[in-house]
Amino acid sequence: MPARSIVAIVGPNGSGKSTLLRLIGGLLTPDAGEIRIDGRPVEGADARIGFCFQEPRLLPWRDVLDNVAFPLELAGVPRPERVARARESIALVGLGGFERARPHQLSGGMRQRAAVARALVRGPSVLLLDEPFSALDALTRERLDLELQRLWQETGTTIVLVTHDIAEATFVADKVVVLSPRPGHVVAEVPVDVPRPRDISMSTAAAFSEVAEAVRAHLAATDDADAPPRAVA
Amino acid sequence: MKRLQAVLPIAAAAVLFVVVWKLIVVVGNYPVFILPAPEVVASRFVRAWADGIMTPHTITTLSEVLIGFGVGAALALVVGYLLARSRLAERLLSPYLVAAQATPILALAPLIALWFGTGLTGKVLICALIVFFPVAVSTMVGIRSVDRGLLELGRSLRATRWQIMAKLEISAALPQILGGMRVGVTLAVIGAIVGEWAGADSGLGVLINLARGSLFDIPLMFATLLTIALIGVSLYLVVVLIERRLVGAR
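Chain order of the listed sequences is U and H. Just so we're aligned, residue 1 is where the first sequence starts under the numbering used here, counting upward by one. Just so we're aligned, residue 234 is where the second sequence starts under the numbering used here, counting upward by one.
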């Protein structure tokens, strides 16, 4: 994966998308092979990586500011510095003004923004997103996909996005990697040659639909025998 | 206005309680040594505090309760955590834990008095013993039900074992732990009184025995009961207030 790019990983359930992401993030150890960032191997959880899970996983007893500052707190950064950096990160994801709100006072989309802010607070060179917007409604998801592009432009981190939404994958990514299930392996890498910045009005553009078509075809080809047998009338 | 609405039913219930009590005394025409009227108990309560009979006994009982609760709850936190996180600890400890809980404290109290004498130590032990079980179990349940996702988050952020425990697990389990402490703190008061009955030189349990026996001052006995109840209620309220502060805004 080239640095400073956005790569989307799509695949059916059981193709190991989340496992792959956890390997990159150092949450799981590979049986064979090695994960490297800028030539240096990843061994265990790594400060160069920001991880964003499917659920926001905010600590309900802390407000947004203390949640976002949490990674710095664990790393022993002194309070004034971590507050300043957390504020910066919160502003970056567009949550300015909600520093003192508790998670239960926020909408689903805002909680996920806070989770992204937390993942960015250590200034990671790689941001890993595990279906981060899949639990949100379509409108919110679209808006956050746009925001993701903006974040990427402002921070310059490499982003790896796991999703099962083909439209989301093609809209956000420079390259879509298609995985097949059992055993999971890479079936195809489909480049998305659409210039940035992209906006929602372009999402129906021909270039996108071509890529989506190609991805869908690759996914269909991975279909194994686990489709349910058709009922006999 | 809201405050008044909250306080009003409580005050009404208290008034009703006193009125019914007074009615029973009047209608049944009970002598003072069976059931003294509420105003008799009230004036004896005030006098007992004014002339200084109540104070030393209350101090004794309160220190037994507080020290016993502190020791018992602290140990229970450690053991509860171990029970939740180590299968070996659970297998080794849980039979003894349940057995200790199933043995009535009333039966153990004379033995403890025999071993540790009539001083503070025995009562602290009884209080600690009685507080231990509810706090240990609630800690275990609380720690076990911590969201796995939060633990994975901790690992993804390179949190040390210690940080995961202090900043994630304990905080997440706090509502359950404090629930166990609510139960524990009222039990601790019972423990202290039981311990004093089994043998002591001072304490509210001793005062009850004195009032019933050599002093034969039944209103004083009721006044002592009132003091014990007030201690229990106040300690319970303290735990509830701590709970509101720590977990109220989740």
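These aren't lab readings, by the way, just hints derived from the structure by calculation. Fair warning: this is a prediction, and the values are worked out from it, not measured in the lab. Beta carbons: idealized from backbone N, C-alpha and C, even for Gly. The reader is advised that the hints may include incorrect statements.
As the list claims (entries may be wrong) - A few chain U residues facing chain H, derived, Cβ under 8 Å:
1. E34
2. F51
3. F53
4. W61
So, going through the hints one by one against the coordinates:
The closest approach between the C-beta of E34 (chain U) and any C-beta of chain H is roughly 19 Å, which is over the 8 Å cut-off, so the hint fails. With a cut of 8 Å, the hint placing F51 (chain U) at the interface with chain H holds, because the nearest CB-to-CB distance is about 4 Å. The interface hint given for F53 (chain U) holds, since its Cβ lies 6 Å from the closest Cβ of chain H, which is under the 8 Å cut-off. Taken as an interface hint, W61 (chain U) checks out: its beta carbon lies about 6 Å from the nearest beta carbon of chain H, inside 8 Å.
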